[in-house]
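**Q** Each chain, letter by letter, is given below.
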Amino acid sequence: MVNEALILEALKHPSTKRKGFDQLVLACQKQVYWLVRKMVIDHDETNDLTQDIFIKVWHNIDGFEGNSKLYTWIYRIAVNECLAHLRKRKQRQMISLEAVDNELVGYLDQSGLADGEHIQMLLQKAILTLPDKQKMVFNLKYFEEMKYEDMSAMMGTSVGALKASFHLAMKKIETYMLNQSIVYGN
Amino acid sequence: MPEILTKPILKKLPFQVPEGYFAGFSANLNERMNLEAEEESDVFSKPEYEGLNWSIPSGYFDTLPEMIGKRIDHETAQHATKIVSMWSRWKVLAAAASVLLLLFVGLDYFKTSEPNYSPENLALAGEDIEKYLLEANWQDQPQVQIWLAGQDAPLQNNEWLNEIDHETIENELENYDDELFTN
Numbered sequence: 000m001v002n003e004a005l006i007l008e009a010l011k012h013p014s015t016k017r018k019g020f021d022q023l024v025l026a027c028q029k030q031v032y033w034l035v036r037k038m039v040i041d042h043d044e045t046n047d048l049t050q051d052i053f054i055k056v057w058h059n060i061d062g063f064e065g066n067s068k069l070y071t072w073i074y075r076i077a078v079n080e081c082l083a084h085l086r087k088r089k090q091r092q093m094i095s096l097e098a099v100d101n102e103l104v105g106y107l108d109q110s111g112l113a114d115g116e117h118i119q120m121l122l123q124k125a126i127l128t129l130p131d132k133q134k135m136v137f138n139l140k141y142f143e144e145m146k147y148e149d150m151s152a153m154m155g156t157s158v159g160a161l162k163a164s165f166h167l168a169m170k171k172i173e174t175y176m177l178n179q180s181i182v183y184g185n
Numbered sequence: 000m001p002e003i004l005t006k007p008i009l010k011k012l013p014f015q016v017p018e019g020y021f022a023g024f025s026a027n028l029n030e031r032m033n034l035e036a037e038e039e040s041d042v043f044s045k046p047e048y049e050g051l052n053w054s055i056p057s058g059y060f061d062t063l064p065e066m067i068g069k070r071i072d073h074e075t076a077q078h079a080t081k082i083v084s085m086w087s088r089w090k091v092l093a094a095a096a097s098v099l100l101l102l103f104v105g106l107d108y109f110k111t112s113e114p115n116y117s118p119e120n121l122a123l124a125g126e127d128i129e130k131y132l133l134e135a136n137w138q139d140q141p142q143v144q145i146w147l148a149g150q151d152a153p154l155q156n157n158e159w160l161n162e163i164d165h166e167t168i169e170n171e172l173e174n175y176d177d178e179l180f181t182n
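So the sequence lines, in the order shown, correspond to chains H and A. Its first residue numbered 0, the first sequence is counted upward by one per residue in numbering that gives the first Met the number 0. Its first residue numbered 0, the second sequence is counted upward by one per residue in numbering that gives the first Met the number 0.
If we strip away everything but chain A, and leave its shape as in the complex, we get (with noise of 0.2 Å):
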């Protein structure tokens, strides 16, 4: 060890403490418990522990042990009243879950979303339109029959539309026609 280190002075340093101030602290044990000690050993055999001399508030250690009592005592009554008002918790969290669900659906009731361009869907839309054209006899527009005639045609192979001659289609268009008004 470092020389400087072996000064015995520097384990005990000149700090104030009030006179008495662990007066009666071995007394205090033998009063508070009936127990006789029958062997000693480690801390429990030092009875009277020398910490450093820096001020302390007078009769702290004779207070401490009260405060630790109490501290106990509150968290045990906090700990009863807990388990006694864990109903009205439940009340709130069940009225909380209620608002969150009545919200979540509202909220689904407004809810916009995205178009769905799945096939199906598009297949329920031509429908739709093809129904309308024909509910307003446009179905003799050229336009509207070739669209008409690329609803039933697979998506894939909508362009054999552009190889063909303006025959052939009109062709299959009256084809189309005559099955579509025969049905």
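One chain only, chain H, in its complex shape (with noise of 0.2 Å):
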């Protein structure tokens, strides 16, 4: 078990700096990854992406001043960096955001899903239906199980805007879910 105390230690020191961030990577690359990878879709950009957000934290190690929990201020920045770089994909390509969701779908169907869990695709593709930001609001509450006042201090956005955001962002998949005509349980 990794202690983010000690870690925070390591990483005040010169000599054991670098150690501390190898530790802080290896504590925190799983989480990164798969946050990444939940907004991104396609494997490659979310290596490249995680890196990034990790060279970033290296960067800006020094400026931590710890009014915030470790692992919060890496989530603050992952999610930045993920939404900054969706927005630039989407600049980048000049294509509409239709068309960009569309192309995600194609990374979703070829991303070595289980046949027969079909309505776990579905979650995914009604997902990439939301907008950006509520996505990954989404993605933090039902899969991370992340509390609301959390998200607030990384997304610097306030808990009843997150509560709202999160509730139409269910409606939304809910309705995406039942038009398909998916047949589940009972």
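Bear in mind the hints are in silico, worked out from the structure with no lab data behind them. Owing to the predicted nature of the structure, the values given are computational and were not obtained by experimental measurement. Just so you know, not all the hints are guaranteed correct.
If you want the footprint, here are the derived chain H segments under chain A, 3+ residues with CB under 8 Å [what the hints assert, rightly or not]:
1. 40–50
2. 53–60
3. 128–138
4. 150–157
Glycine included, every Cβ here is placed at the ideal spot set by N, Cα and C.
Relying on the hints, combine the two individually framed chains into one complex.
**A** Dropping the structure here:
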């Protein structure tokens, strides 16, 4: 088990900084990777972005003042980088948002999903129909089960707005899935 | 929460992950750092994060820290190289500035500026013309004399020439002529 306080202590001293950072990467890599992957879908793109996020953490770690928990701070960087990346991608490709989402659905179709589990695929496709920030809120709440307070500190959005965003996201996803005439359970 | 989203299966997607993919992760943490956990907190307390079961290249998380480490080393080395190469950069900048300066001076030499029609410039031109006419002995010509008279009159008062009769003008020109040749 890794201790945040010990990592922070290691990061403070030049002689142990790199070692502490390695520990940090080991402790957080999966969380960051999956946070990005759920938004970006494609592995290669996720890999690049995950590395960029940790590089940014490395360059800015001296500025971490300890006002929030370390993982919250890292998640904040990850969330911002992720949303910025998606924004840039949409601008770069100069195509409609719908076309980008269709492309992501294409990636999703090739992502090694086991046959027969259409409901999960449908959920992912439904998530892709959400606006980026709403998508992020849904992923953090639904999959990560993150507290609204933590999310609020991370995204700079009020708890109330996050709750509303999550509620709207759920309604949209529900509508999407029901429209697809999925038969589920019971 | 809508009933459709309450199914536990939704949170564990059946994507394929190579067997033993995350094996050894926890052990590495202790090996690479002689720090012991004293208290647990949030993300750091989770021994094994379970992401979605989407396919990832085999051993990806074993190599990711190394890839990030290499990038940091590369950036650090690149940063050091940049500091060393600043001199050559300054030289290039100095050379570029010199070329630009020479180009600017050269262009300025060939530059054809718009004629300056300010009263000072016109007065100077009038002096030149006056000198030329006198040297050519054209001052006896009536038109030239009128023109010469006009040169000394303020620009806004030139219209007086239209209102006075020919005799007055001739007298004026005679006086002017005398004055001109006595100086």
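**Q** Going back to the hint list, which numbers does this structure go against?
**A** Failing hints, ascending: 3 and 4.
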